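Trainee: Please construct the entire structure, taking both the sequences and the accompanying hints into account.
Numbering follows my numbering, in which position 154 of the sequence shown is assigned residue number 154; successive positions increment by one, without gaps.
Among these hints, one or two may not hold up.
Stated by the list, open to error - With a cut-off of at most 27 Å between alpha-carbon atoms, the simulated BS3-like pairs for lysine-lysine come out as follows:
| # | residue 1 | residue 2 |
| --- | --- | --- |
| 1 | Lys72 | Lys102 |
| 2 | Lys72 | Lys13 |
| 3 | Lys20 | Lys72 |
| 4 | Lys72 | Lys94 |
| 5 | Lys102 | Lys20 |
| 6 | Lys289 | Lys94 |
| 7 | Lys102 | Lys159 |
Unchecked claim - Simulated restraints, written as ranges between beta carbons of each label pair:
| # | residue 1 | residue 2 | range |
| --- | --- | --- | --- |
| 8 | Leu93 | Ser50 | 12 to 22 Å |
| 9 | Asp139 | Glu106 | 39 to 49 Å |
| 10 | Ser14 | Ala75 | 16 to 26 Å |
| 11 | Glu44 | Ser182 | 33 to 43 Å |
It should be emphasised that the hints constitute simulated quantities derived from the structure, not laboratory data. Fair warning: this is a prediction, and the values are worked out from it, not measured in the lab. C-beta atoms are modelled at their ideal positions from N, C-alpha and C, and glycine is treated no differently.
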Amino acid sequence: MRVAFLTASCMFKSSPDARKDHWEHDLEFNALEPACRAAGIQLEARIWDSPDFEPRYYDAIIIGTCWDYMEKPDAFGACLSRCDAESQLLNPLKTVRWNTRKTYLEDLAERGAPMIPTVWADVADESAIQAAFETLACDDIVVKPVLGAGAWRQARIRKGEVLPAAEDLPPADCMIQPFLPSVAQEGEYAFLFFNRRFSHCALKRPAAGDYRVQSEYGGSETIHQPSEQELALASSVLDSVDGDLLYARVDMLRGLDGQLAVIELELIEPYLYPEQGPEFGPNFAAALKALAAG
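Mentor: Structure follows, in structure tokens:
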């Protein structure tokens, strides 16, 4: 079985546009490739927008570390449509399209998932931000693009502060949430599932003085052994989504009410925290073999 693991040029150290966290691709892929090989799967890293990438040559295609997709969404969407037409796309195209825009969080809320209070706006301008302070009844907020990942063009804003420059704010429609102090005090939990089976959980913490948990900004991770209650809650969020899922990452953060709430359900290109999952490779390979064979 030949499978393509889609990535981006910015995930390679030799690239002129290499990301600060490019090394995470190597950590992830180097844990996956030998486990897949042992399961009879030839896993190949392929740059998603390379002219020589041909989906029809692969039995399945995994959306991997494509961490520039939000900067060229039309081209990425066209690539995924082609992959879906010529091969088996994992996760499935319908699921990916739903999950690409953070408005999916509204659907999860309607299905009963615990959510962080959110204001939606067409543009991240002063009017929208001031209105969000009032609606959310708080003095400290986080503004995120509806189409975005990895804290790209995301900003924390305190009431009375001068707004960040336009290029540091979401480029189009956005979501606005209260800033949650628990991100620094406790951390953010990432529950990893492969073919809906729980694999491992990472506890992500930001660098001192920051709130962003990504390694690009100095964040770090440790292994977390979830309680039965925590795992049941994360599993219930995943259960509200239909269909086959090669991978899923449920990110949760403690809200102002002291309860865990969903901050993201990552069904497209999530980092899978291989260092926090001792059985990560075999778990992933088994899920891939089961779904691709089906």
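Trainee: Within 39 to 49 Å: is that where the Cβ-Cβ distance between Asp139 and Glu106 falls?
Mentor: 25 Å, violated
Trainee: Using the C-beta atoms of Leu93 and Ser50, is the stated range 12 to 22 Å upheld?
Mentor: 20 Å, holds
Trainee: Does Lys72 sit within 27 Å of Lys20, going by the straight-line distance between their CA atoms?
Mentor: Judged against 27 Å, a Cα distance of about 19 Å means the pair holds.
Trainee: For the pair supplied as a hint, Lys72 and Lys94, confirm whether the alpha-carbon distance does not exceed 27 Å.
Mentor: Satisfied, since the Cα-Cα distance of roughly 19 Å is no more than 27 Å.
Trainee: Lys289 and Lys94: Cα distance at most 27 Å?
Mentor: 21 Å, holds
Trainee: Run the distance test for Lys102 versus Lys159: straight-line Cα separation, threshold 27 Å.
Mentor: Answer holds: Lys102 to Lys159 is near 24 Å, not above 27 Å.
Trainee: Cβ-Cβ distance between Ser14 and Ala75: within 16 to 26 Å?
Mentor: Holds, at about 22 Å.
Trainee: Cβ-Cβ distance between Glu44 and Ser182: within 33 to 43 Å?
Mentor: 40 Å, holds
Trainee: Decide if the proposed pair is consistent with the structure: Lys102 and Lys20, CA atoms, cutoff 27 Å inclusive.
Mentor: Since the Cα atoms of Lys102 and Lys20 sit roughly 24 Å apart, the hinted pair holds (cutoff 27 Å).
Trainee: Does the structure keep Lys72 and Lys102 at a Cα separation of 27 Å or less?
Mentor: 17 Å, holds
Trainee: Check the hint pairing Lys72 with Lys13 against an upper bound of 27 Å on the C-alpha distance.
Mentor: Holds - the C-alpha atoms of Lys13 and Lys72 are around 21 Å apart, at most 27 Å.
Taken one by one, the earlier hints fail for this structure only at number 9.
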